[in-house]
Amino acid sequence: MKSKIAIICGLTVVLAVVWFLAFNQSATNNLEVNFFDVGQGDSMLIKTPLGQAVLIDGGPDDKILGKLGERLSPIDKKIDIVLLTHPHADHVTGLIEVLKRYAVDLVILNGAYLATDNYNQFLNAVRDNGAEVLIAEAGEAIHFDKNLEFDIIAAEGGGTTNGSDANETSIVGKLIYKDFSIMFMGDAPAKIENEIMVYGDGLKSDIIKVGHHGSKYSSFPIFLKMVAPKAGIIEVAAKNLYGHPSPAALNRFAMAGINIFQTGKNGDIRVLSDGFTANIYKDR
Numbered sequence: 001m002k003s004k005i006a007i008i009c010g011l012t013v014v015l016a017v018v019w020f021l022a023f024n025q026s027a028t029n030n031l032e033v034n035f036f037d038v039g040q041g042d043s044m045l046i047k048t049p050l051g052q053a054v055l056i057d058g059g060p061d062d063k064i065l066g067k068l069g070e071r072l073s074p075i076d077k078k079i080d081i082v083l084l085t086h087p088h089a090d091h092v093t094g095l096i097e098v099l100k101r102y103a104v105d106l107v108i109l110n111g112a113y114l115a116t117d118n119y120n121q122f123l124n125a126v127r128d129n130g131a132e133v134l135i136a137e138a139g140e141a142i143h144f145d146k147n148l149e150f151d152i153i154a155a156e157g158g159g160t161t162n163g164s165d166a167n168e169t170s171i172v173g174k175l176i177y178k179d180f181s182i183m184f185m186g187d188a189p190a191k192i193e194n195e196i197m198v199y200g201d202g203l204k205s206d207i208i209k210v211g212h213h214g215s216k217y218s219s220f221p222i223f224l225k226m227v228a229p230k231a232g233i234i235e236v237a238a239k240n241l242y243g244h245p246s247p248a249a250l251n252r253f254a255m256a257g258i259n260i261f262q263t264g265k266n267g268d269i270r271v272l273s274d275g276f277t278a279n280i281y282k283d284r
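Numbering-wise, our numbering puts 166 at position 166 of the sequence shown, and it's gapless, one number per residue.
Keep in mind the hints are simulated off the structure, nothing from the lab.
One thing to keep in mind: the hints can contain errors.
What follows is a set of in silico ranges between Cβ atoms, one per label pair, in the way DEER data are often shown [as the list claims (entries may be wrong)]: (1) T277 / S164: 39 to 45 angstroms; (2) P247 / M197: 20 to 26 angstroms; (3) D283 / Q121: 29 to 35 angstroms; (4) I222 / G130: 39 to 45 angstroms; (5) R284 / D201: 31 to 37 angstroms.
C-beta atoms are modelled at their ideal positions from N, C-alpha and C, and glycine is treated no differently.
Kindly produce the complete structure, drawing on both the sequences and the hints.
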């Protein structure tokens, strides 16, 4: 059973309610997922009904610090899990400062090493933070409670990668809360989409975090048909050098009847779900 999704623009009363939820998670059954407008990069914050915080990627700079300051309690400087989908700069750079400022219980990596200064700085920050490190493997799952889990669909890391093939090492994961689900694609290209189609109906999700900022090399029709999302969210800068999202990808979404949201156009995007219905809130 798939969830009913409503789309709501950034009204003051709505934002006030969401702000209240940010610091009173123990009083609600809502799952909250924030897709941050961090420019040309990815960063998402999951807040569970039990109050756990999971940060997926950190964007291309320290803008994420301001975003976290808005969504997390200023008193408890803690993040339960930091997950890096892959070691490209537009996903890892912001995590360096996050790890210096927040206590982190667990860091999840894909196992791929990229010999860049900022990835080495990230690894040093992980070490200095003292967080436990887990190398993700496809088929694993993180269980937050009986109703909420994060399934690892793909994790192609291992050994040293270069800049050109690092996208193929992206961790792909599916967040499942009761009857509601979100697929997180990292920067996975068509090659990974084809490989994970062996999951069949297990890929079906209500929302998809679109792969690789809406690149023409991701989000192919056969894959979108299998996931069958009602909405897609693209993390992308309003103006970027790559032409993201590509007209080809946007056309595929339109042909599939998928509502698309872009952080570059809509600002921060917030999803709230009780596990059966979901609301999508846009800043603009």
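So, going through the hints one by one against the coordinates:
no. : hint                            : in the structure
1   : T277 / S164: 39 to 45 angstroms : holds (42 angstroms)
2   : P247 / M197: 20 to 26 angstroms : holds (25 angstroms)
3   : D283 / Q121: 29 to 35 angstroms : holds (30 angstroms)
4   : I222 / G130: 39 to 45 angstroms : holds (44 angstroms)
5   : R284 / D201: 31 to 37 angstroms : holds (35 angstroms)
In summary, this structure violates none of the numbered hints.
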